[in-house]
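Protein chains: 2
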Amino acid sequence: MKRIAIDMDEVIADANIRFAEWYKRDKGIEFTHEQLNSKKFSELLPADHQYLIKEYVYHDDFFVDLELIPGCQEVIEDLYEKYEIFITTAAMEFPNSLLPKLAWLGKHFPYISWTNIVFCGDKSIINADYLIDDNVKHFKRFVGQGILFTASHNHDVEWDVRVNTWDDVRKLLL
Amino acid sequence: MKRIAIDMDEVIADANIRFAEWYKRDKGIEFTHEQLNSKKFSELLPADHQYLIKEYVYHDDFFVDLELIPGCQEVIEDLYEKYEIFITTAAMEFPNSLLPKLAWLGKHFPYISWTNIVFCGDKSIINADYLIDDNVKHFKRFVGQGILFTASHNHDVEWDVRVNTWDDVRKLLL
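Top to bottom, those sequences are chains A and B.
For what it's worth, this note's numbering labels the leading residue of the first sequence as 1, then goes sequentially.
For what it's worth, this note's numbering labels the leading residue of the second sequence as 1, then goes sequentially.
Chain A with its partners taken away, still in its complex shape (with noise of 0.2 Å):
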């Protein structure tokens, strides 16, 4: 069985949006989806604004509860039944995320095992077939294929195997 690991934040997990409703929460300013789906969140908000960006994902809360990227419980729950599914985040950044992640996870993908979760920074240590995730820097040293899920900040990156929403994942995978 083949095995398939996936990224959370921006792949399943929904931290734009977070970012979004804190962000009008302090400042007032709403973005729209299309500002939130074309840039980086960081080059939306004006020089003076950037200290919050930390201060949002090292708060507690910042990983709780967030949003479902659309399709993503349909789609896994499918390539489920053909792969052996890893969900493998770089949670180590943000201690805080840890158990906010386990009990998001828990919640959404209860099907999936504590066995099939990995927390890590550098995914060079990931053995699958495939990776899924949204940031290209974990693709250069995996043993297998990386596959970009586009996000807002890579829109110009370049890479080869490439999905925009998770129909496209089910259409190359399944």
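Since the hints were derived computationally from the structure, they do not count as laboratory data.
Be aware that a few hints might be false.
Any copy will do: because identical chains look the same in the list, a pair fits if it lies in one copy or spans two.
Pairs of lysine to any residue residues, derived as SDA-like cross-links and limited to a Cα-Cα distance of at most 20 Å, are as follows [claimed, not checked]:
id	residue 1	residue 2
1	27	79
2	2	20
3	54	115
4	24	41
5	54	114
6	140	159
7	40	165
8	82	141
Mind docking chain B on chain A? Use the hints.
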């Protein structure tokens, strides 16, 4: 540069001493080092005390400030000069262990970056040349060479590459 993945409990962190401390505190019964080193902790307890083991490992403080396995700091520091070092621990089974384990690593191995720490379950997901671990189950589907670190529970387990101490690791890999 070759890569070594190193387990935590019973390889660099001594959970057995914590078991013994808490058991003495709760039941007034003390074990000798010889007893602790020769049998699984559960084999030392009478049937009506077995429930304590689960109670302990799921307690928030169980993994806090565990003692170091002798020699691990010195040898890992030397290995670090010649190998990529990753810490790979099946921490997902015990969500209460995640933050204490991260804090413990920061305290005792401050030079190991967050990028090289992996909390996982099934270690066949680990891509490394060597895995130093006290559980042979992790070697079955591991891509590299498993190195069995002797612990009280694995004396009778057969495995071709075994080390009894960190000095043995030094002799094997340096």
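Outcome of the hint check:
Within a single copy, residue 27 and residue 79 get their C-alpha atoms no closer than 41 Å, and across copies no closer than 50 Å, so neither meets the 20 Å cut-off. Within a single copy, residue 2 and residue 20 get their C-alpha atoms no closer than 37 Å, and across copies no closer than 43 Å, so neither meets the 20 Å cut-off. Within a single copy, residue 54 and residue 115 get their C-alpha atoms only as close as 31 Å, which misses the 20 Å cut-off; across copies the closest is 18 Å, which meets it. Taking identical chains as interchangeable, the C-alpha atoms of residue 24 and residue 41 lie at most 20 Å apart only when both belong to the same chain, with a minimum of 13 Å there against 54 Å between chains.
Taking the shortest alpha-carbon separations for residue 54 and residue 114, only the inter-copy value of 17 Å comes in at or below 20 Å, while the best intra-copy value is 29 Å. Taking the shortest Cα distances, residue 140 and residue 159 sit within 20 Å of each other inside one copy (11 Å), while across copies they are farther apart (34 Å). In this homomeric assembly, residue 40 and residue 165 come within 20 Å of each other (Cα to Cα) only inside a single copy, at 18 Å, whereas the closest approach across copies is 49 Å. In the homo-oligomer, the alpha carbons of residue 82 and residue 141 lie at most 20 Å apart only across protomers (19 Å), although the nearest pairing inside one protomer, at 26 Å, exceeds that limit.
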